[in-house]
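Enquirer: Protein chains in written order, with UniProt numbering: chain A, 1 to 141; chain B, 1 to 141.
I should point out that these hints are in silico values taken from the structure, not numbers from a laboratory. Certain hints may be false.
Listed next, the in silico DSBU-like pairs over lysine-lysine satisfying Cα-Cα at most 30 Å (straight line) [what the hints assert, rightly or not]:
#: 1; chain 1: A; residue 1: 109; chain 2: B; residue 2: 119
#: 2; chain 1: A; residue 1: 17; chain 2: B; residue 2: 109
#: 3; chain 1: A; residue 1: 119; chain 2: B; residue 2: 51
Number of protein chains: 2
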Amino acid sequence: MVNKKNHLFYSIGDLSKSTGTKVVTIRYYEKIGLLPEPPRTEGGYRAYTKKHQEILFFIIRSRALGFSLIEIQNLLKLSENDILLNQDVLTITKNHLENIRSKISSLQKMETSLKNLIKECPDGKISGCGIIDSLNNYSDT
Amino acid sequence: MVNKKNHLFYSIGDLSKSTGTKVVTIRYYEKIGLLPEPPRTEGGYRAYTKKHQEILFFIIRSRALGFSLIEIQNLLKLSENDILLNQDVLTITKNHLENIRSKISSLQKMETSLKNLIKECPDGKISGCGIIDSLNNYSDT
DNA sequence: ATGCACTCTATAGTAACTATAGGGTCAACA
DNA sequence: TGTTGACCCTATAGTTACTATAGAGTGCAT
Ligand SMILES: [Zn+2]
Ligand SMILES: [Zn+2]
Ligand SMILES: [Zn+2]
Ligand SMILES: [Zn+2]
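All chains should be modelled from the sequences, with the hints used to inform the complete structure.
Expert: See below:
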């Protein structure tokens with residue numbers, strides 16, 4: 001994609017392919033203000049630059065670490081005024097790590113309970129199901 | 001709460017208090033067909049029975065194990081025709097356990113990455129932040 | 001000139017709730 | 001008997017991070 005000034009641009013489809021992000025998702029990121037609005041071609045098509053691609057990669061890497069879109073927005077802002085705000089990046093990251101850890105711990109409790117539940121429902125059992133009994137809190141297993 | 005036939009009923013507020021479920025959530029469960037519609041008083045108030053309370057407890061226990069509302073709906077159906085469908089309860093539970101396990105494993109990967117990232121951003125660091133650098137994929141740390 | 005891939009906007013749906021507005025009900029108390 | 005206050009009602013919109021769809025326009029190649 002090339003515009004009238006002979007500069008190189010990416011169409012939304014190009015950006016989608018080069019980053020592995022769906023076209024609709026890219027538009028969604030723009031809509032919520034995460035990805036800056038690109039210039040448009042005469043026909044109204046989005047014309048992205050290398051900078052947009054970099055921001056999108058930043059978003060993708062952050063998502064892979066489980067950051068929410070709001071957290072990512074803050075990280076992006078902080079990454080622009082890089083001095084003085086360093087500490088806030090650390091705070092966001094530490095808080096986020098704590099969230100992840102508490103999710104892990106609650107999922108691990110579920111895992112343990114489910115494992116025990118499954119033991120009480122061996123294959124081929126015909127009458128009263130131990131799983132259902134447990135969910136009903138009938139303690140006659 | 002007592003109705004005209006002198007039977008004991010629970011108001012939605014009673015049910016809420018006795019189960020720890022918010023009033024709006026109880027109405028929501030009814031709306032999506034998870035909790036059966038209760039009879040109403042003359043004034044149009046919901047009048048719940050012991051049976052409703054039991055179903056709500058079933059839902060609460062299932063939620064604590066991470067089951068989705070759709071899974072719970074299936075478990076509730078299966079718990080009614082208890083014969084022959086036992087196997088399906090087991091399948092639902094096993095599949096659910098696998099989901100939980102894959103969530104745990106992806107969260108653990110995030111945890112590890114975040115821990116490493118935090119190491120590269122010691123408190124008080126002034127210039128370029130290691131976390132932001134990593135998200136930008138600048139491998140000059 | 002016509003086809004085809006691509007793009008555009010706007011709207012609604014997903015999961016499991018929560019929040020709000022604008023109103024009715026009911027028991028008790030003066 | 002009137003009124004207060006706690007409770008209840010419905011309907012609608014908001015939350016998160018997308019995905020899906022409809023209906024229409026763009027741009028390149030044959
Ligand atoms: Zn977070
Ligand atoms: Zn069983
Ligand atoms: Zn599940
Ligand atoms: Zn840092």
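Enquirer: All the hints need checking, so say for each whether the structure fits it.
Expert: These are the hints, each one checked on the structure:
no.	hint	in the structure
1	A/109 <-> B/119	holds, 29 Å
2	A/17 <-> B/109	holds, 26 Å
3	A/119 <-> B/51	holds, 28 Å
In this structure, none of the earlier numbered hints is contradicted; all agree with it.
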